[in-house]
Structures are given as C-alpha cells and as structure tokens.
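All chains, please: the whole structure from these sequences, using the hints.
Spelled out, the chains give:
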Amino acid sequence: MPSTEEIYQKVSATLVEALNVDEEDIKPTATLQGDLGAESIDFLDIVFRLEREFGIKIPRDELFPESIFQGDPDFVADGKVTDKGLAELRQRMPFADLSKFESNPEVGAISDLFTVELIARYIQGKLGAGRN
Amino acid sequence: MRWIWIDRILEFKPKQSARAVKCLSLAEDFFADHFPGWPVMPGALMLEGLAQTGGILVGEANDFKEKVILAKIPKAVFHREVLAGDEIVYDVELLHLRKEGATVAGKVLVGAALAVEAEIFFAHLDQSRSQQFFGDHNFVFTGELQRILGLVREAGKRPEQS
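Sequence order for the protein chains is A and B. Under my numbering, the first residue of the first sequence is numbered 7, with each subsequent residue one higher. Under my numbering, the first residue of the second sequence is numbered 149, with each subsequent residue one higher.
Careful: at least some of the hints might be erroneous.
To give an idea of the interface, some chain B residues facing chain A are shown, with a C-beta separation under 7 Å as derived from the structure [claimed, not checked]:
| no. | residue |
| --- | --- |
| 1 | A219 |
| 2 | K220 |
| 3 | H244 |
| 4 | E248 |
| 5 | F269 |
| 6 | Q294 |
Quick list of in silico lysine-lysine cross-link-like pairs, DSS-like style, CA-CA up to 25 Å [claimed, not checked]:
| no. | chain 1 | residue 1 | chain 2 | residue 2 |
| --- | --- | --- | --- | --- |
| 7 | A | K63 | B | K163 |
| 8 | B | K213 | A | K63 |
| 9 | B | K247 | B | K220 |
Hints are computed from structural coordinates only; laboratory data are not their basis. Each residue gets a CB set at the ideal place from its N, CA and C atoms; glycine is no exception.
Below, the structure written as structure tokens:
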C-alpha cells in the first residue's frame, strides 16, 4: 500500500489536472469548491480520475454524497444540522473531519468539509480496506 | 448549416476506440471569416469533431439510450494550424466508462502530424438530476450521429476499390 505521503501527492496531482489549478494552491486544508473553484461536474471528473489513478471503484455518492439530507427536518433545523444529522454525516462520511464543523454546524458550511485531506483520507481508507 | 463535423467513420471498435475523417473544403462557411486569406480551422470546431466522434463511441456503448453530453474539456493542446484542403483524422480512445458518464482521450491528426490533443468528459444526463427537465426524448442521438455509424457498417460491406 502506498504511504500517506504518496497518496497525498497523487491526490494533489489529480486535482491539478481536474481543476486546472497550480500545485502550490493545493494544501491539505484547501476546500474543493471555495479555494480550488470546483464546480459540480468537476466532482464526477475527480471521481473518475481517482479510480484510474488508484485502481479502485468509488461507488456513486460515497465520496461526494449529492444530497445527504434532502431537506429532512430531522437532519436540518433553522439552517443547522441537528444531532441526528451529525450522526448521519459521521456514518455516511467516516473519512470526514467533523470536529470543527460540529461546533457550528451550518448547512452552508458542509461544502467546506470537502478538502484535499478529506480525499486523501478517503483513499487511504479505501486502499486499506481493500487489503483485508 | 448542418452541425456535423465528421465526414465518415474510418474505424469503430465498440467500447474501445473510434477514428473518423473530416475533409476541409475552402467552401466551408466558417473559412469566410476565419480568416480572410488565411483559412484556419477554428480550434473549437476541431474539439466539436472530436466530441462527436467520442460521443458516438460513448453513446454506442449503451446502445444510444443515454443522453451523452459534453460536460467538460479538462485538457486541450493545439500543436499546429489546420488549413483548408487538409484532411483531418479524429482519433478517440475510451479511457473510462461509468453509469454517470465517460472520459475519452482524443487526437486530431493531419497525416502523421499531431494537430490537437484533448481529453473530453461526457456526462449521461439522465444519471444526474436533470431528467425532470429534459424528459425521455433523446435529443442527442436524433439520427444524424447514429446514421454516420451506420455508414461505416455499410462501408465495411462494400467490395474493395481497385
């Protein structure tokens, strides 16, 4: 299995190609939409590239769930993700770091969870799981 | 003007690759303006020809049931100009095919010379949330693009010309 550093380097190279950004713009905490300017179609392109790059299968909605809550009032109230919603997020996206988000879980901030390091962690989990 | 940028498909390997040819006549409408006295094929139209060749390859993979639309061109490099009188060949290879879409790598060649290299990303419209807007009618493969694939099959049956 490639090292954490190797995975990060490959993820960075993938994002440079998919989003046409400079390598120095890629930082672990850079958000795909906010910092790197990804649009909806780019997410599909990124998934395709990661599959080719790492030789893995990424099921639809696993890495980038399209709509986690679909306006369900159990999950979202007053523009904030409820405790039940947070539990759902943790379950659907075990590779996401929710520690900061949990302190102010505004729905609009969900897109900021999708960072370069999130993808690297997801890939790491995927490759690790494949070995067992 | 008919929006078809392929004259004939030369080779078609389902789910693998396709080659098509386009002969550029000085009589093409766009050469009047692009540019007077220097008839250069616009890069965007070469990308369209590549996308049509790639689109047929991707469409055929699902029996033309999907609405295959050009979603993104992540990479395009133009190496040289292509002029009236040139015969260009679109060479497209399927890199990735999934339920939601496909990626192809394409080249435009003039003889042996490489004129354009591009990567084209197609989305299958119905696999996104847009079906509610577009309905069931497949407006992409309305006939012309499919007929051109029929032509290559007919050409295969023709006796060799001596």
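So, going through the hints one by one against the coordinates:
no.: 1; hint: A219; verdict: 5 Å, holds
no.: 2; hint: K220; verdict: 5 Å, holds
no.: 3; hint: H244; verdict: 5 Å, holds
no.: 4; hint: E248; verdict: 6 Å, holds
no.: 5; hint: F269; verdict: 5 Å, holds
no.: 6; hint: Q294; verdict: 25 Å, violated
no.: 7; hint: A:K63 x B:K163; verdict: 19 Å, holds
no.: 8; hint: B:K213 x A:K63; verdict: 24 Å, holds
no.: 9; hint: B:K247 x B:K220; verdict: 17 Å, holds
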